[in-house]
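Turn these sequences into a full structure, and let the hints steer you where they fit.
Protein chains: 2
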Amino acid sequence: MADITRLSLNQATTQNWSVREAVEGCTRHGIPSIALWRDKIAAAGLRECVKLTKDANLHVSSVCRGGMFPASSVEERRRRIEENFRAVDEAAALHADSLVIVVGAAPEVPIDEARTMVADGLAEVATYARKCGVRLGLEPLHPMYAGDRSVLNTIEQALQIATAYRSEEVGVILDAFHIWWDPFVFEGISKSAGRIYGFHVCDWLVPMPHLLLGRGMMGDGVIDNRKLRIAVDAAGYSGPIEVEIFNQKIWDSSGDDILATMIERFKMFV
Amino acid sequence: MADITRLSLNQATTQNWSVREAVEGCTRHGIPSIALWRDKIAAAGLRECVKLTKDANLHVSSVCRGGMFPASSVEERRRRIEENFRAVDEAAALHADSLVIVVGAAPEVPIDEARTMVADGLAEVATYARKCGVRLGLEPLHPMYAGDRSVLNTIEQALQIATAYRSEEVGVILDAFHIWWDPFVFEGISKSAGRIYGFHVCDWLVPMPHLLLGRGMMGDGVIDNRKLRIAVDAAGYSGPIEVEIFNQKIWDSSGDDILATMIERFKMFV
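For the record, the sequence lines run as chains A and B. Here the numbering used here = 1-based position in the first sequence + 408. Here the numbering used here = 1-based position in the second sequence + 408.
Hint data in this document are derived by calculation from the structure and do not stem from the laboratory. Only true hints are included.
Cut-off 20 Å, straight-line C-alpha distance, at most; resulting in silico cross-link-like pairs (EDC-like, lysine to aspartate or glutamate): (1) A/LYS462 / A/ASP497; (2) A/LYS635 / B/ASP520; (3) B/LYS635 / A/GLU516; (4) B/LYS675 / B/ASP632; (5) A/LYS448 / A/ASP463; (6) A/LYS635 / B/GLU516; (7) B/LYS539 / B/GLU490; (8) B/LYS539 / B/ASP497; (9) B/LYS635 / B/GLU672; (10) A/LYS599 / A/ASP641; (11) A/LYS675 / A/ASP632; (12) A/LYS539 / A/GLU491; (13) A/LYS675 / A/ASP411; (14) B/LYS599 / A/GLU564; (15) B/LYS635 / A/GLU521; (16) A/LYS635 / B/GLU521; (17) B/LYS462 / B/GLU432; (18) B/LYS448 / B/ASP497; (19) B/LYS635 / A/ASP520; (20) A/LYS448 / A/GLU429; (21) B/LYS448 / B/GLU491; (22) A/LYS599 / B/GLU564; (23) A/LYS635 / A/GLU595; (24) A/LYS675 / A/ASP628.
Partial chain A-side listing against chain B, Cβ under 7 Å, derived: (25) PRO515; (26) MET552; (27) VAL614; (28) LEU619.
The model shown is predicted, which means the values in this text are computed figures rather than measured ones. Even for Gly, the Cβ is constructed at its ideal location relative to N, Cα and C.
Right under this line is the structure:
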């Protein structure tokens, strides 16, 4: 069983909660870490988020998210890079372990060109992040999102990009939902040693009810989260483990119920 | 542009047509090849299908499909292997280029065990297929089907299995829908040289309307079918190119309209 003190609430799991509510929820349930989303940070105000997490003695495992580099116009790509700088600033202010990078995709841009835009955008953001002392965590997304959300789709591909940087600057975020199917997942985890900036758990429901909002609570689907966690540990990662679930049905239930279930399932399946 | 004489109608594209209707449709539209599905073959009768395709001078590019090896009980796995023998018989009778193998998945079986069941099942079927002179084409399916349809999800993985056999016995079926996202797709195609038994085209719609029935007509989505086709050609494949589209809206239109559009789009985008 994973050490329960590694549990982190990724705020996406309690979509209806503000930062304040999520922080208070973590305190009530004894969850020591939280991952904040930028839209929620914006709604609460960055300074307030810093104060809330600090006062609650809550560790910020990550800020979600930077990236989204591919776009058809130069101006739009520039705008997005600038936006990434703001994301880096937020991660720095919150002392987050890393800024999660979801690289993006643009249906009007051929996938190989989009991948070049990712490499170019990342290079600029990495320069800025280095100065700010913020680590960038490249999160490969499931291949079903390659058309519209992320052209970064496997651990192997993420490592090819990350290894152009120092291991304390750019690493990978391993999310069970995105990587569980990979026939080479354990080789990939092992090769990620020294660059694992985060580990996320949830479950893959069968049948998958929805491409975006169909994630399940650990134990409700087909992912062996424990096996993946053990492999991630063996690769030297001992940091927070975020529970990140996009699921309308879960969102519609009470935040406290979500947290209670999450803790129970973490003990049973992670 | 791909040679139009390589066009093959995968019968799944005209789901509402019987084998007879599909064969007659191909004749009307000058399509020289067809891929038949086993449920349709069963409905028409194998002997009748042999006669229909022969009389129409229609080449059978593949029979869809064998596989489906993982199951929780020994008895069920045995039953499925026997079913594969029947599929091989049908492919032999129809002189199909290959029997397409969709390996299957079982939510109640851990993915690594399911992959072992695939290897074991394939070995038995390959022995039988060799005797019958039928080639087995392993089709990697998109990773979004890893939970319930196929634990074979990349070209690389398919080649690892296929290369245990002679190149005239077990090969790969490359379907643009399943492989387009792969960051190593061109390396994979190139490494498949000598073992490519089939190439399928369609498109990936954005947003993807449905996990199963959301495929689009070539040109309506984000896949560069031509680029993939050129790579497949460069790897030495010169056989039929199947159009295989699962899409309720397309199925609901008239078969002749589907074939006319398919030919036009094949010329434009393949």
